[in-house]
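K.L.:
Sequence:
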Amino acid sequence: PALVVIAILTAIDGHVGAAFGALALAAGFALAGYMRFVAARRLATRELIIDTHGRAAPLTLAFISDAHLGRYKDERWLTRVVSRVNDLAPDAVLIGGDFFFNRGAIDAERLLAPLAKLRAPLGVFAVLGNHDVGLPGRDRRPILDPLLPALGIRVLTNELVALSRPDAPGGPTWIAGMGELWLHEFRFHELRAAYSASANPGALIVLGHNPDAMHEVAPADTADLFLFGHTHAGQIHLPFWPGFGIPSRGPWYRGEHELPQGRIYVTSGIGETSSSCRLGTTCEVVLVKMR
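Residue numbers (this note's numbering): 1153 to 1443.
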């Protein structure tokens, strides 16, 4: 506001160039404030409908990823996210990794405490991301390994879990929780074989962290849905420079895509890294409805 007043006064005095300069500076401050205090604090809900054609019982899953707590956001923000998830009344909750961002010491119990309030009758499941395993930064597994189960969260590393609704017709929805790609632990082919060999295959959802893993998934290793985070959908997404600053080598860094292996969705996450700002992206909770 002060710069706008200065621009008006300088224009009245006939200093048009100075007035435009003050307005440009004011616009820059306004944009920075919007990116930091408005865009980065918005929380959207995205809905995906997966039609299994009767193979799986109706089921609702909430998916969140990339909280990156510690530097820019803390347990107060996570409390808001948990409240949004609970309002959606999911049967189960899936978390795509990267719980922390700070490279130094953190109060992990305080930051993650709101996760204990997640309400999901079929459970809360998570995979780890690159920041969780120290790529880059500290390896947080010594903290997360005991803390997440204490919060009611089961961490999956190349594991299959069947989620069933006994009150509804149809088979289970299998969750394939994957290992971290940058540790070379993403072994979906093995889980896909186990899923195919099950007596009641139902539907299959792959929970991973980094969408670049699709480069390592054979076309025959199909699933109903692949869920990833990692990229923040660009975080600061510039339409004239798509892919700017994104730690990904594939074209699947944002939103929904159809591949021979199946449908994939890359969430924008609920936190930020490197910069506290967002532009052209929104934090989100993804609601997956199996039908």
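Worth double-checking, as some hints may not be accurate.
[Said to hold, decoys possible] Computed beta-carbon distance windows for the label pairs:
(1) Lys1441 to Arg1262: 16 to 24 angstroms
(2) Pro1353 to Thr1309: 16 to 24 angstroms
(3) Val1190 to Pro1318: 40 to 48 angstroms
(4) Arg1188 to Leu1312: 35 to 43 angstroms
(5) Glu1199 to Ser1350: 22 to 30 angstroms
(6) Pro1353 to Asp1226: 39 to 47 angstroms
(7) Pro1288 to Ser1235: 13 to 21 angstroms
Simulated from the structure, these hints should not be mistaken for lab results.
Nothing here was measured: the structure is a model prediction, and the numbers come from that model.
Glycine is no exception: its CB is placed at the ideal position from the N, C-alpha and C atoms.
K.L.:
Indicate, hint by hint, whether the structure satisfies it.
P.N.:
For each hint, the structure was consulted:
1. Lys1441 to Arg1262: 16 to 24 angstroms: At 33 angstroms between Cβs, range violated.
2. Pro1353 to Thr1309: 16 to 24 angstroms: Once the Cβ atoms are compared, 22 angstroms apart, the range 16 to 24 angstroms for Thr1309 and Pro1353 holds.
3. Val1190 to Pro1318: 40 to 48 angstroms: About 45 angstroms separates the Cβ atoms of Val1190 and Pro1318, which means 40 to 48 angstroms holds.
4. Arg1188 to Leu1312: 35 to 43 angstroms: At 41 angstroms between Cβs, range holds.
5. Glu1199 to Ser1350: 22 to 30 angstroms: holds (28 angstroms)
6. Pro1353 to Asp1226: 39 to 47 angstroms: Roughly 42 angstroms apart at Cβ, these two residues keep to the hinted range, so it holds.
7. Pro1288 to Ser1235: 13 to 21 angstroms: Violated, since Pro1288 and Ser1235 (Cβ atoms, about 31 angstroms apart) do not stay within the stated range.
When each numbered hint is compared with the structure, violations occur for hints 1 and 7.
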